[in-house]
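**Student:** Chains L and X, in that order, are what the protein sequence lines are.
Heads up, the first sequence is in my numbering, so the first residue is 1 and it goes up one at a time.
Heads up, the second sequence is in my numbering, so the first residue is 1 and it goes up one at a time.
Just so you know, these hints were derived from the structure itself, not from any lab.
These figures come from a predicted structure and were not determined experimentally.
Please note that a few of the clues may not be correct.
[As the list claims (entries may be wrong)] What follows is a set of in silico ranges between Cβ atoms, one per label pair, in the way DEER data are often shown:
#	chain 1	residue 1	chain 2	residue 2	range
1	L	S268	X	Y82	46 to 52 Å
2	L	T138	X	K253	16 to 22 Å
3	X	K177	L	D400	54 to 60 Å
4	X	A60	L	F16	55 to 61 Å
5	X	L203	L	L377	54 to 60 Å
[Stated by the list, open to error] Which residues of chain X face chain L? A partial, calculated answer using Cβ under 7 Å:
#	residue
6	N158
7	R179
8	A193
9	A197
Where is the CB? At the ideal position from N, CA and C, for every residue including glycine.
One letter stands for each residue in the lines below.
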Amino acid sequence: MTTAPAIETKDLCKRFGAVQANDNISLFVEQGTVHGIVGENGAGKSTLLKMLFGFYQPNSGDLIVNGQKLDLDSPSDAMAAGIAMVHQHFMLVEPFTVLENIILGAEGQGMLDHAKTDARAKLLGLEQQFGFDLPLDTPVSQLSVGERQRVEILKALFRGADILILDEPTAVLTPQECDQLFELVRLLKSRGKTILFVTHKLHEIMAITDAVTVIRAGKVITRVATSDTSPENLAEAMVGAKISRAVERAGQEHGAPRLRVDGVSAQSDLGHTALKNISFELFDGEVLGVAGVAGNGQTELLDVLTGLRPVSDGTVTLGQELVNSNEAMTDPIELRRAGLAHIAEDRLKTGVVADMSATENSILGYQREPDFSENGLLKLSAINDAAHSYFESQDVRPRDPSLAVASFSGGNQQKLVIARELARDPQTLIIGQPTRGVDIGAVTKIHDQITELRNTGKAVLVVSADLDELMAISDRIIVMCEGEITGTVDIQDADERTIGLMMAGAHAEATTEGAGL
Amino acid sequence: MEFLTDIVLLTDSTLRIAAPLILAALAGLCAERAGIVDIGLEGKMLGAAFAAASAAAITASAWAGLAAGILFSVALALLHGYVSINQRGNQIVSGMAINIMVAGLAPLLAIAWFSRGGQTPFLDSSMRFTEITLPFADVLQDVPFLGAIYSDLISGHNLLTYVAFAAVPVVAWVLYKTRFGLRLRAVGENPEAVDTAGISVTLLRYQAMIIAGILCGISGSALSTALGAGFIRDMSAGKGFLALAAMIFGKWKPVPTLLACLLFAFVDALQGRLQGVSLPLIGEIPVQFTIMLPYVLTVIILAGFVGKMEAPKASGIPYEKDR
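Just need the whole structure built from these sequences, with the hints factored in.
**Tutor:** Next comes the structure, spelled out in structure tokens:
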């Protein structure tokens with residue numbers, strides 16, 4: 001006897017205005033399996049998911065759940081059909097307790113106290129069955145990211161979900177939390193649940209799924225059993241061309257120290273201590289990666305290095321020049337003139353002015369330089385030429401610098417910023433999240449450029465939340481946790497497990513001992 | 001003994017002045033906890049005051065006045081809701097527009113209907129909510145201390161004042177003890193979470209606006225048919241904004257908001273008592289200055305003397321499904 005597939009879609013289409021976000025998507029997910037969906041940013045994964053749980057309605061095509069053709073008009077319809085989604089950005093009300101978040105929308109009765117008592121009994125059963133240990137009466141705002149994700153999963157189970165959609169579930173997790181998640185996913189599968197696992201990290205697909213569907217430009221490219229494919233094949237299917245690194249790291253020794261950070265402490269915007277006694281050196285001819293779970297002081301570190309945030313203690317020096325101490329801070333303009341370029345972590349906040357044209361953005365931060373302005377007047381033709389040459393050199397598309405930056409994709413915005421910052425051939429480059437919101441094709445190009453800079457003797461510091469990225473391009477990685485450096489590893493000694501432990505706060509000595517056991 | 005009488009009188013007027021503030025502040029609280037900034041409290045109060053006084057004058061019934069006040073205020077609240085919820089307009093602009101519109105519309109209609117220079121006819125006591133003497137107030141009057149408190153302070157207010165004080169525990173109960181309250185608070189913090197939980201954000205926010213409209217309607221009616229005896233041009237005199245300030249000072253929570261309203265009302269009552277009184281050392285304070293006191297206090301409080309105040313996260317931000 002064969003059971004009906006948990007989810008089957010036939011020629012599902014969804015258009016937004018002129019954009020065909022999903023084009024005849026046919027998907028087939030067997031009961032009790034983990035099914036992967038991979039695709040680049042903007043490939044149409046999110047649109048598909050939102051149709052599967054009733055947030056969007058398809059323009060045409062059929063959705064069949066457990067053998068029954070359904071029209072899902074709202075998320076509550078999907079829930080009634082046993083489909084629940086764990087969103088990438090958690091749908092939690094932060095000041096509410098775990099319990100309140102779980103029952104929201106499924107209270108069962110009007111009086112909250114009774115609803116909570118009933119829910120508590122049911123949740124204890126579920127917690128035991130699936131090995132959860134969540135503090136039901138703690139506000140969600142006090143939970144870690146991993147715990148919040150488990151709240152979302154428990155919330156889905158509480159509503160009786162048999163099909164769970166996990167949208168990029170590992171994007172925000174430490175490697176250890178990822179392992180926990182994978183364990184939970186396997187347990188859920190063993191209890192008969194069906195899981196849709198959406199990601200763009202191929203090794204996760206290989207590790208956890210039974211079958212995988214690749215989506216590109218709104219279309220299904222292929223559906224294969226995971227055991228019959230490889231990361232290389234999947235990557236090729238995702239991008240539509242073989243990805244190859246054009247630039248290899250030259251095996252050179254690094255040069256002289258360029259940027260020196262000595263005993264630096266600094267405060268966050270909220271007045272908490274964000275950096276505690278940080279010291280390191282950045283050498284010419286190396287890429288230094290800064291790893292850590294987001295919010296552990298990396299943002300403040302970038303600010304301190306680029307003259308955007310005063311230090312409370314310690315010094316930052318660039319060559320012979322003082323960048324930052326508790327007495328003086330060099331202006332970012334002066335730092336740029338001294339050869340320190342900055343590709344900002346939060347592109348839309350500090351890297352570009354989204355509503356202004358790409359041309360105007362192409363001189364942002366350099367508008368005072370004599371080649372772009374004189375006596376307070378802009379040299380428009382020089383600026384135009386610069387913008388065009390930036391578009392040319394980085395292959396920014398569409399090739400129209402008069403458009404507002406907001407109308408470019410994340411990847412093309414980033415290309416523009418990179419072109420702008422590299423235009424003056426800086427000796428030192430500080431990059432925050434080089435490939436955030438950038439599609440795979442462009443990622444490779446950006447990585448190649450960073451490697452090329454390093455090969456020509458520049459000093460590059462890269463802060464990234466993506467450990468795979470840092471492993472791919474760095475010579476050394478420093479790991480931050482709660483504003484401290486918990487370890488420094490050379491790339492040849494680096495492994496994800498050790499770095500993951502450091503990201504969680506274990507210091508270097510402790511982790512090497514731990515690894516020895 | 002004289003001192004006790006002074007205190008009782010001062011407290012008594014504090015309670016009376018506080019009543020419309022409390023109702024309006026609770027209205028603002030319900031709206032903002034659901035994610036809609038309601039700067040139009042002032043306009044709704046004034047509109048309700050006008051509608052209540054007009055209806056009471058025409059029908060000779062305070063109850064008809066109250067009903068008219070509530071209806072008009074709810075209509076304004078729904079207008080604000082339509083702009084903020086369906087049209088995703090700017091909530092400050094919409095609220096301000098309501099304030100300005102009502103400030104002009106009410107006197108205009110009053111002139112057209114009653115020809116009294118923008119006022120409504122005087123309401124005699126049969127058309128107003130008058131003082132209620134609670135049981136045994138007369139008997140207990142002579143009991144020392146407690147008698148004075150019961151008979152002079154607790155007894156002898158109009159019905160709407162009692163409604164205002166009763167509304168605080170009722171609103172608190174609804175917010176914290178019912179499913180509706182849970183959803184209402186959730187939609188003000190993270191409407192997407194509510195939407196994905198299968199609950200209509202639009203419906204919830206409209207419900208909140210209706211509640212705000214009702215509370216504001218009672219508040220405005222109290223101004224013209226309980227505390228006053230008819231509608232006077234600009235009679236809300238910034239009380240809607242004061243209520244908004246009290247709600248912020250009360251950190252969007254019912255009981256602290258009540259306390260903030262009482263504080264504002266007390267200062268207002270105090271300024272009333274200070275008028276024409278010669279104080280030791282200072283002498284007589286000009287009335288223009290004493291009248292400023294509640295507003296000066298508002299500025300001081302909101303300038304941050306009371307620490308960090310965190311509004312509901314989604315407050316003031318229109319909800320859009322497709323971001």
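**Student:** So, for every hint listed, does it hold in this structure?
**Tutor:** Structure-based check of all given hints:
1. In this structure, L:S268 and X:Y82 break the distance hint of 46 to 52 Å, their C-beta atoms being roughly 41 Å apart.
2. In this structure the hint that L:T138 and X:K253 lie 16 to 22 Å apart at CB holds, the actual value being about 20 Å.
3. The hinted window of 54 to 60 Å between X:K177 and L:D400 holds, with their beta carbons roughly 58 Å apart.
4. One distance hint, 55 to 61 Å for the beta-carbon pair X:A60 and L:F16, holds here, with the actual separation near 60 Å.
5. For the pair X:L203 and L:L377, the beta carbons lie near 56 Å from each other, so the given range of 54 to 60 Å is met.
6. Using the Cβ-Cβ criterion of 7 Å, the hint placing X:N158 at the interface with chain L is not satisfied: the shortest such distance is roughly 32 Å.
7. The interface hint given for X:R179 holds, since its Cβ lies 4 Å from the closest Cβ of chain L, which is under the 7 Å cut-off.
8. Contact between X:A193 and chain L, as hinted, is supported at the beta carbon level, the nearest pair being about 4 Å apart and thus within 7 Å.
9. A distance limit of 7 Å between C-beta atoms decides the matter here; for X:A197 the minimum to chain L is near 3 Å, and the interface restraint holds.
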